[in-house]
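Trainee: Top line first, the protein sequences correspond to chains A and B.
Using the numbering used here, read the first sequence as starting at 1 and increasing by one per residue.
Using the numbering used here, read the second sequence as starting at 1 and increasing by one per residue.
Any given hint could be a false lead.
Taking lysine to aspartate or glutamate and the DMTMM-like style, the derived pairs with C-alpha atoms no more than 20 Å apart in a straight line are [what the hints assert, rightly or not]:
hint, chain 1, residue 1, chain 2, residue 2
1, A, 279, B, 5
2, A, 280, B, 45
3, A, 110, A, 77
4, A, 43, B, 51
5, A, 43, B, 49
6, A, 279, B, 21
7, A, 280, B, 21
8, A, 279, B, 49
9, A, 280, B, 65
10, A, 279, B, 51
11, A, 280, B, 22
Here's a subset of chain B near chain A, in silico, CB distances under 7 Å, partners left out [as the list claims (entries may be wrong)]:
hint, residue
12, 37
13, 41
14, 67
Okay, the calculated bits of chain B under chain A, using three or more residues with CB under 8 Å as the criterion [stated by the list, open to error]:
hint, stretch
15, 1-14
16, 20-34
Keep in mind the hints are simulated off the structure, nothing from the lab.
Where a beta carbon is used, it is the ideal one built from N, C-alpha and C, also for glycine.
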Amino acid sequence: MHSSLSNLRLAGLAVTTGSVVRDFIADGLAAGVDRAALERTAKAISLRERRVATPGITALDLCTDATTRLLSEMGLDATSIDAVIFVTQTPDHAQPNNASLLHGRLGLSKSAPAYDLSMGCSGWVTGLQQAALLCAHGGAARVLLCAGDTLSRLTNPGDRSTDPLFGDAGSATIVEKTGRSAPLHFVLGADGSGAEAIIVRQGGARHPTGPLDERIDAEGNRTHEANLVMNGADVFSFTLREVPGAIESVLRHAGYIPATTDALVLHQANRFILSTLAKKTGFTAAQTPMSVVEHFGNQSSASIPCALIHGLGDRLEAGPLKVVGCGFGVGLSWGAFAGEIGPLTIAPILSLPR
Amino acid sequence: MTRAEQLAALRTDVDALAHADEATVLATLPQWDSLAILLVVSHFEHVHDLEITGAQVRVCRIVGDILNLIPPLS
């Protein structure tokens, strides 16, 4: 689905990460994995370290911190927010949603609706499109988009194919209605036939509880029914099949070409995937921030805002930049965007607790 | 590409197959794991412009089975 939405701007960005630094090689050695095998994996997909949340810290806490810092940086009062959208698949509770909890924490206006989007790595783009819709056609002048997860809680430490990949983070994005006419373009899509490629089987209404007996796969990876399980090769195939087309489509809608676009900002899955996508879509490595995953891990829906700050922060503050981006992952689903971003306010990447 | 050239290119891109020949049984290779399968999928994309799935690679028994995923005219 394509949409082009005008008269709005991305006004502010903030990211808060978990505070525990986990080293890929050290963790692997502690788990009894051979050093040569670890170095081979680290080299192939550029894994180094990630930041995970301490016990008791949730995506809601990380996003609350990011929001509070961003509002302070922008000099805004929380009551000026007209709606809050919370993208997460690791909410505090089954009910109520995280957006309502955040609404209460921040003391937002009772006229501000609050709802969650249950999406992962593609979710920030979908949330941005929803926030843009609210500004363009929904009567909102300022929307808060929070996006984040604590996926490190869902992976099994004995699953060396998945556990070392994920970091925990929460982001806050402020979208505002303006008189400006340059549109933001979106291309969103899904392929539910691949839904089992990334899945947590237990914990929802279908299988609320049950035995947690561990399975061991051919490579010795351990998982149980409440773990996040990912088929990496199939997710990689899906990414190569769908993401380049989505990026090319949103480039066409925006009238951009790679040579005159300032940056390609992708969901920070790993450097191997990002360099493949950049090459396939005609972008250079210099145009494509790729280092978030080496410092923070795969941060699910918080990874694109983190890449915008980490890779382009100073340039976005001075702005505007012509930016193309794409999130992709669980669902399976994807969301691409293109447009001018900046100048905007950025709160620095900090960890919680500090 | 000849079949020998296809094998050479595969051995270059996928470290687990660096010393393998067509008859090598994949399960006997110490580095034949999920990362190796991902590298094979990537190799097909880069070298042959072919999109294959992890499942297609996972059912291969020997290296020759992987080469058989390349259509004859590719």
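Trainee: Now look at each hint and say whether the structure bears it out.
Mentor: Outcome of the hint check:
1. A:279 to B:5: violated (23 Å)
2. A:280 to B:45: holds (10 Å)
3. A:110 to A:77: holds (14 Å)
4. A:43 to B:51: Given that 20 Å is the threshold and the Cα spacing comes to 24 Å, the pair is violated.
5. A:43 to B:49: Status violated; Cα separation ~24 Å.
6. A:279 to B:21: Not satisfied, since the Cα-Cα distance of roughly 30 Å exceeds 20 Å.
7. A:280 to B:21: With a Cα-Cα distance of about 30 Å, the restraint between residue 280 of chain A and residue 21 of chain B is violated, given a limit of 20 Å.
8. A:279 to B:49: Holds, at roughly 13 Å.
9. A:280 to B:65: The hint is violated at about 27 Å.
10. A:279 to B:51: holds (16 Å)
11. A:280 to B:22: violated (29 Å)
12. 37: Hint on residue 37 of chain B: holds, closest Cβ of chain A at ~5 Å, below 7 Å.
13. 41: holds (5 Å)
14. 67: With Cβ-Cβ at 18 Å, over 7 Å, it is violated.
15. 1-14: Contact hint for the stretch 1-14 of chain B vs chain A: violated, 0 residues under 8 Å.
16. 20-34: holds (count 3)
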